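Enquirer: Under UniProt numbering, read the sequence shown as residues 1 to 428, first letter to last.
Everything labelled a hint here was simulated from the structure, so no lab data went into it. It should be emphasised that the depicted structure is a prediction, and the values quoted were computed from it without experimental measurement. There could be a bad hint or two in this list.
[As the list claims (entries may be wrong)] When the alpha-carbon atoms are kept at most 27 Å apart in a straight line, the in silico BS3-like pairs for lysine-lysine are as follows:
(1) Lys168 / Lys254
(2) Lys16 / Lys93
(3) Lys425 / Lys309
(4) Lys344 / Lys425
(5) Lys257 / Lys234
(6) Lys295 / Lys309
(7) Lys295 / Lys16
(8) Lys294 / Lys309
[Stated by the list, open to error] Cβ pair distances, simulated, as ranges:
(9) Pro308 / Ala159: 50 to 58 Å
(10) Leu292 / Asp324: 29 to 37 Å
(11) Asp160 / Asp250: 21 to 29 Å
(12) Ile350 / Glu96: 23 to 31 Å
(13) Glu96 / Gly45: 29 to 37 Å
In this text, a Cβ means the ideal position worked out from N, Cα and C, and glycines have one as well.
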Amino acid sequence: MAAEKPKSAGVWPTVKPFVNGGASGMLATCVIQPIDMIKVRIQLGQGSAGEVTRNMLKNDGVGAFYKGLSAGLLRQATYTTARLGSFRILTNKAIEANDGKPLPLYQKALCGLTAGAIGACVGSPADLALIRMQADATLPAAQRRNYTNAFHALYRIVADEGVLALWKGAGPTVVRAMALNMGMLASYDQSVEFCKDSLGLGETATVVGASSVSGFFAAACSLPFDYVKTQIQKMQPDAQGKYPYTGSLDCTVKTLKAGGPFKFYTGFPVYCVRIAPHVMMTWIFLNQIQKLEKKAGLHAKTAEAVNPKAYPLADSQLSMTILDLVQQAANYKQLKKGANEATKTLNRGISEFVVMAADTEPLEILLHLPLLAEDKNVPYVFVPSKQALGRACGVTRPVIACSVTSNEGSQLKSQIQQLKDAIEKLLI
Numbered sequence: 001m002a003a004e005k006p007k008s009a010g011v012w013p014t015v016k017p018f019v020n021g022g023a024s025g026m027l028a029t030c031v032i033q034p035i036d037m038i039k040v041r042i043q044l045g046q047g048s049a050g051e052v053t054r055n056m057l058k059n060d061g062v063g064a065f066y067k068g069l070s071a072g073l074l075r076q077a078t079y080t081t082a083r084l085g086s087f088r089i090l091t092n093k094a095i096e097a098n099d100g101k102p103l104p105l106y107q108k109a110l111c112g113l114t115a116g117a118i119g120a121c122v123g124s125p126a127d128l129a130l131i132r133m134q135a136d137a138t139l140p141a142a143q144r145r146n147y148t149n150a151f152h153a154l155y156r157i158v159a160d161e162g163v164l165a166l167w168k169g170a171g172p173t174v175v176r177a178m179a180l181n182m183g184m185l186a187s188y189d190q191s192v193e194f195c196k197d198s199l200g201l202g203e204t205a206t207v208v209g210a211s212s213v214s215g216f217f218a219a220a221c222s223l224p225f226d227y228v229k230t231q232i233q234k235m236q237p238d239a240q241g242k243y244p245y246t247g248s249l250d251c252t253v254k255t256l257k258a259g260g261p262f263k264f265y266t267g268f269p270v271y272c273v274r275i276a277p278h279v280m281m282t283w284i285f286l287n288q289i290q291k292l293e294k295k296a297g298l299h300a301k302t303a304e305a306v307n308p309k310a311y312p313l314a315d316s317q318l319s320m321t322i323l324d325l326v327q328q329a330a331n332y333k334q335l336k337k338g339a340n341e342a343t344k345t346l347n348r349g350i351s352e353f354v355v356m357a358a359d360t361e362p363l364e365i366l367l368h369l370p371l372l373a374e375d376k377n378v379p380y381v382f383v384p385s386k387q388a389l390g391r392a393c394g395v396t397r398p399v400i401a402c403s404v405t406s407n408e409g410s411q412l413k414s415q416i417q418q419l420k421d422a423i424e425k426l427l428i
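Can you make the complete structure from the sequences, with help from the hints?
Expert: Now the structure itself:
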């Protein structure tokens with residue numbers, strides 16, 4: 001019935017990227033918080049990573065490493081929820097605008113820039129509270145703000161400085177977030193495609209490899225902006241009420257004069273070590289959350305929920321026949337795995353037929369293949385499961401598309417022709 005929508009229909013598919021992104025970011029923050037504390041104190045000039053760690057343990061104990069955790073979690077609940085959710089929405093829309101073709105790197109970068117700006121605007125108040133709580137212990141006792149938690153910090157900032165003070169330093173925050181997300185999100189998606197399609201890596205190796213690459217680029221792109229942002233947000237007025245910097249540009253110029261361009265990369269090793277694991281764990285946690293959703297039925301697809309664009313869709317019997325032939329083609333070296341490789345076989349005129357997974361999300365990343373296959377007069381078909389397609393291809397990871405290639409002397413020639421005839425009947 002129209003009134004009875006499956007769990008995966010309605011609002012949930014739109015909300016899910018935001019909920020999952022925020023939850024995975026919060027879990028990662030719980031692990032990364034100690035490294036983040038060390039990074040902030042290094043930037044505040046308290047010495048090397050080893051010196052800072054020893055002093056924190058000696059003076060404040062283990063609890064010092066989790067100072068400001070509530071603000072960090074609030075920041076993830078706002079900033080990461082907004083940026084990861086909006087990035088996935090933006091890329092899905094861009095794929096639709098591209099007629100289902102995969103996004104080039106520059107379009108992914110633009111989506112990352114936009115998502116970073118959105119996330120920073122939403123998360124700036126929590127980010128300000130986090131920086132102040134982490135820096136508080138480094139101030140003389142008379143200058144400490146003594147915030148008890150993130151919500152107390154937000155309340156005090158509004159009460160003492162006004163509502164707009166919540167966005168103090170928002171300019172550098174937005175710029176830094178745009179740089180970070182351009183480096184992190186775009187390079188991550190690009191690296192995932194490369195690891196899966198070109199290297200044929202499994203799920204775990206893909207996540208680790210792509211996260212390491214995106215973590216490095218996120219750190220390299222964002223640390224100069226992060227340094228300026230931190231200096232602006234933690235600055236205190238002197239006896240005459242004058243702040244050391246009038247804004248981010250003034251801070252940049254004075255920093256260049258005082259220490260040169262490498263001053264902006266103060267604490268880069270620790271910052272990079274913090275960013276890369278956070279990205280890695282965010283994606284690992286996200287993967288686990290999605291698995292739990294499947295077990296809970298929040299990710300289940302019913303026949304009514306199958307994307308109507310997944311056409312023609314093979315029934316269970318034909319799917320088994322297709323997957324069996326795919327497995328044989330893999331053994332005879334007549335198979336190319338991945339959407340990019342399938343595209344290449346179509347362009348080179350060596351594809352016998354193309355198989356795609358109907359549960360690919362978003363499905364739009366595959367929809368250039370049917371158009372190209374029709375243009376090349378090559379049969380194509382969807383099977384229900386990317387996991388099953390991956391197993392048929394001889395790998396443990398999901399595979400969203402593959403192409404069975406031609407070979408004049410192949411022992412599979414008659415079977416391929418029979419299956420091509422069966423697929424073409426679905427298209428009539």
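Enquirer: Each hint needs a verdict: does it hold in this structure or not?
Expert: Verification of the supplied hints:
Of the supplied pair hints, the one linking Lys168 and Lys254 holds, its CA atoms being roughly 19 Å apart against a limit of 27 Å. In summary, the hint linking Lys16 to Lys93 is supported, as the alpha carbons are separated by about 16 Å, within the 27 Å threshold. A distance of roughly 18 Å separates the Cα atoms of Lys425 and Lys309; the hinted pair therefore holds under the 27 Å criterion. Proposed proximity of Lys344 and Lys425 is supported: the alpha carbons are some 25 Å apart, at most 27 Å.
Annotation: proposed proximity of Lys257 to Lys234 holds, straight-line Cα distance about 20 Å (limit 27 Å). Between Lys295 and Lys309, the direct Cα distance comes to roughly 26 Å. Compliance with the 27 Å bound is thereby established for this hinted pair. Annotation: proposed proximity of Lys295 to Lys16 holds, straight-line Cα distance about 15 Å (limit 27 Å). For the suggested pair Lys294 and Lys309, the alpha carbons sit about 22 Å apart, so the restraint of at most 27 Å is met.
The supplied range of 50 to 58 Å is met by Pro308 and Ala159, whose beta-carbon atoms lie about 54 Å from each other. In this structure the hint that Leu292 and Asp324 lie 29 to 37 Å apart at CB holds, the actual value being about 32 Å. For Asp160 and Asp250, the hinted distance range of 21 to 29 Å is satisfied, since their beta carbons lie about 24 Å from each other. Checked against the hint of 23 to 31 Å, the C-beta distance between Ile350 and Glu96 comes to roughly 29 Å, which is consistent with it.
Look at Glu96 against Gly45: about 49 Å separates their beta carbons, and that is not inside 29 to 37 Å.
Checked against the numbered hints given earlier, the structure breaks only hint 13 and satisfies all the rest.
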